[in-house]
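*Asks:* Given the sequences, and given the hints that come with them, work out the whole structure.
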Amino acid sequence: MRSTLMAALSIMIMMAIGALSPNQSFALDAEDAPESVELDTLSDLYEPVTFDHAMHVDAAACVECHHHTTGQQPVDPNCLRCHANSGEADSISCGECHTAERFSPEDLKERSNPDLYHIDKPGLKGAYHLNCVGCHEEIDGPTGCQDCHAMTEKGKKQFQVSIVPPKEGSKKGVHE
Amino acid sequence: MKKILNRRTFLKGSLAGSAAAVSLGRSQKAMAKDFEGYPESMGVLVDLSRCVGCRSCEAACNEEQNLPAPEKPFNDFSVFDEMHHGQKRRTDETRYTIVNKYDVPEIDHPLFRKIQCNHCQEPACLTSCFVNAYTKTPEGAVIYDSTVCVGCRTCMVACPFYIPTFKYSSAFNPRIMKCIFCYDTRLKKGLPPACVEACPQEALTFGHRKDLIRVGRQRIREGKDQYVDHIYGEHEAGGTAWMYLSPVDFEKVGFDTSVPKEPILNFVKDFLAIVPMVLTIWPALFAGMHLLATRKDGIKKQKQTEGETE
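In the order they appear, the protein sequences are chains A and B.
Just add 41 to the spot in the first sequence (first one is 1) and you have this note's numbering.
Just add 118 to the spot in the second sequence (first one is 1) and you have this note's numbering.
Hints listed in this document are in silico derivations from the structure and should not be mistaken for laboratory results.
These numbers were taken from a predicted model, which means no experiment stands behind them.
For glycine and all other residues, C-beta sits at the position ideal for the given N, C-alpha and C.
All clues given are correct.
Using C-beta positions, here's what the derived DEER-type ranges look like:
no., chain 1, residue 1, chain 2, residue 2, range
1, A, S132, B, E200, 41 to 49 Å
2, B, T265, A, K150, 29 to 37 Å
3, B, R208, A, D131, 46 to 54 Å
4, A, P118, B, Y286, 54 to 62 Å
5, A, D181, B, P157, 44 to 52 Å
6, B, D263, A, D181, 48 to 56 Å
7, A, I180, B, H353, 37 to 45 Å
The calculated EDC-like cross-link candidates involving lysine to aspartate or glutamate, where the alpha carbons are at most 16 Å apart (straight line), are:
no., chain 1, residue 1, chain 2, residue 2
8, B, K307, A, D148
9, A, K150, B, E257
10, B, K306, A, E147
11, A, K208, B, D199
12, A, K208, B, E200
13, A, K198, B, E189
14, B, K219, B, D199
15, A, K150, B, D329
16, B, K285, B, D210
17, A, K162, B, D329
18, A, K150, A, D161
19, B, K342, A, D117
20, A, K150, B, E158
21, A, K208, B, E189
22, A, K198, B, E181
23, A, K197, B, D194
24, A, K198, B, E182
25, A, K197, B, E181
26, B, K219, B, D194
Facing chain B, according to a computed beta carbon distance under 7 Å, are these residues of chain A, among others:
no., residue
27, P146
28, I160
29, P163
30, H170
31, C186
32, F200
33, Q201
34, V202
35, P206
*Replies:* See the structure below:
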């Protein structure tokens, strides 16, 4: 699933790059971005999300989600220390930097490298939710779990949604 | 003037003697006593500013640990308003972890705090248990063996965080219920506990404890005013494997900030050290004194009987 997403994204990037004439700036253009992206790598308890990229391009600047990877200058002065001129990255896909295998033994081993600067880089699931929910809270976008992705059958089982809570007042052992 | 050994001076002397023994025991142990936790201990950093109260961790824990079905489904958020005996929800025999909601005036949205066993580096439950039902593993988990437990519940009294709970529904087959860091199924294989894996916001960060302290410090430093300058659990109760970051003072989100910054064991170590001394030296000492004190009487008696026979 991850590879299909990656493949789709890289084709889109190649098309975007192909559309540019050689003399143009090296920063990616929002117009060349995909209309929508299917976020299905992590789908398990919830259905995949069809992310309306075109709509979000109008709501936010590229750097707000893609950091320094699209070639624009980042806003955070701390990022600028290294990424003022780092240019466009080979891949701008989220999963390229934010691992879907967060907290796996391999991931933890990588993170115990004493020379690693980004010791607190979230995994893919964390990156999506921290970025999306954080912004949605600020601009009153949807923030409920099922506002963005419906629960799968497996999710319903884990959250035990079929349980009917006891009526108010009839709860045993609950006072006040 | 001849010094008379009366009862008072004797007691004074023995008190001074035992005080010396205690301080000696203390200084001897001080060299080896500071256990700073297993070097490869894993842990979890809980960031209250990231938690959105989705209860995914509660659902994942319930499934992973085969716990009984809850009263309300895990996507029912009315549980945050529940009050039991004037208290917010707590862990019990049906749940190893719960999330509680706190409304804090200085922040325009509620804060959520996940509660579970903090997996102390020197656990009070473990040291209080006289049948050794608890084990602190090198990976950092505090696990429990129900086969040796006698159900005395001393661990419940000893825990500074009120975490171990008793399965009252099986009192004749005593069992303490508490978070075991998913030790059997995950931690010993190097995998994160189920709650961490379920968290969408990465409010729970799993890693080596020493790395998590670096991460916590970095978040405090780079987050400017987002956090209070404290990692709860770095030193509390002598250090815990599970640690917390909070955007507001910890007592405002239900934390007990009066928990001492040293292992609970330290408060009883000195006392426990003199128990063997009392049990071994005192009987011999007092028996000897008794024999000495009654020796004269014995001799006198013997002389009397000798006189009578003459």
